[in-house]
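Peer 1: Each chain, letter by letter, is given below.
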Amino acid sequence: MNEPGGGRRGAGAVGAEPPDLAELLGRVARGDQDAFGQVYERLSGPVYGIALRVVRDPAQAEEVAQDVLVELWRKASHYRPDRGGATAWALTVAHRRAVDRVRSSQADRDREERAGAPPREYDEVAEEVGTRLEHQQVRRCMRGLTPTQRESITLAYYGGYTYREVAELLGVGLAAVKSRMRDGLIRLRDCLGVQP
Amino acid sequence: MSHEPHDLAGPYALDALTEPERRRFERHLTGCAACAEEAAGLREATARLALAASRRPPERLRGRVLAEIARTRQSPPPLARRLPSPRTRGPAWLAAAACLVLALTGGGAAWHFHRDAEHARALNRQVAAVLTAPDARTSTVSGQGRVTVVSSRSAGKAVVTASRLPRLPSTRTYQMWWLGPFAPRSAGTLDPGGEARPVVTAGLGDARRFGVTVEPAGGSPRPTGAPILTLPLG
Ligand SMILES: [Zn+2]
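Line by line, the protein sequences are chains A and B. Note that the first sequence covers residues 893 to 1088 in my numbering. Note that the second sequence covers residues 392 to 625 in my numbering.
Derived by calculation from the structure, the hints in this document are not laboratory data. Take the hints with a grain of salt, since some may be wrong.
What the hints assert, rightly or not - Stretch by stretch, here's where chain A covers chain B in the computed footprint (C-beta under 8 Å, at least three residues):
#	stretch
1	399-407
2	435-442
3	445-457
4	521-533
5	609-617
Treat the numbers as computed from the prediction; the structure is a model and nothing was measured. Quick reminder that beta carbons are idealized off the backbone N, C-alpha and C, glycines included.
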């Protein structure tokens, strides 16, 4: 992009992309433990938060978060800046690990309920200002989706369901679910000011 | 390359594919720039869903993680895989261009580029030249409809596809414009009827944005109303 001052990062992202996370990951890839300490400061909140949101059980979420953070240390050299933002890369590792955990566990009967439930007393638990602003912005943009888009995205991302399971749960076809997810995410991306 | 999964970027970005599906789609991404770019953009959106769920972990986690990394060996960087190059001029190049067109048109049934025999006949050379330019950039906007622009500064052209734009009375037409620090320059009219056919439009020049307006049939020398949508150009 030749936009003045425009990079891949959304300018409106509060606390979404500290300017040098990619650079920190580069140092981590070369074995720099101090740099990893800074990565921990930046990412332990979102990594633990998404793990907790998906697996729900705090003890399991802590295990998942530990696994993910160690994986970021191990695989820092796998991050490719030309493929996207560092935060997105790291949180993909985190989310995928959390989803693997719930899919491999047998106790997934109540995932639908968990995914559908609103985050409990969010404004009280999100103690950091940046997090609270981020949450408000995401919630506002989620409200801009159609109810079926929002439902599909919530079940998949926070509930850990596959799109086939989401289709089954909602009693709609696979094509409809795929396009709800895609169209909803495009709308979310545009609302959040994230550059494609 | 029949049944290529061009429509899985949404489920992929949400980690809503099974493991075999995910691996298959990731192989697809290495050869389909349009899906790769879309998936990367959607990943930025899902990352925000994770950021919004941020919670402070228990204090003890830090000590555990730092102790574990101190005794954990790091993995070496993976070897880079390359996208098919336009210079290859072989079937891989054609396949990649066909992928782009399919993805741009939403994988609609209107375009059957799957079979190799049809590639050469059906694929407009101009479309292919833009789609496979080394500096090709994709922009998409969806609202009332969905418009995708793949632009190449080096070619000075863009490929535009539109789908699901509202139908207009026969006295009106959609018109495309190059926008920038100059008076809007017409990029031609856009026929939204029927199939989502890509159109090639020249005159990109130093335009910064691409816009669409509704004009009297036949088009206007300059826009008569505000754009119904605009897109940034790479
Ligand atoms: Zn594709």
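Peer 1: It remains to establish, for every hint, whether it holds in the given structure.
Peer 2: Taking the hints in turn, this is what the structure says about them:
1. 399-407: holds (count 8)
2. 435-442: Answer holds; 8 residues pass the 8 Å Cβ test.
3. 445-457: It holds: at least three residues are needed, and the stretch 445-457 of chain B offers 10 whose Cβ sits within less than 8 Å of chain A.
4. 521-533: holds (count 6)
5. 609-617: violated (count 0)
Hint check: a violation occurs at hint 5 only; the rest are consistent with the structure.
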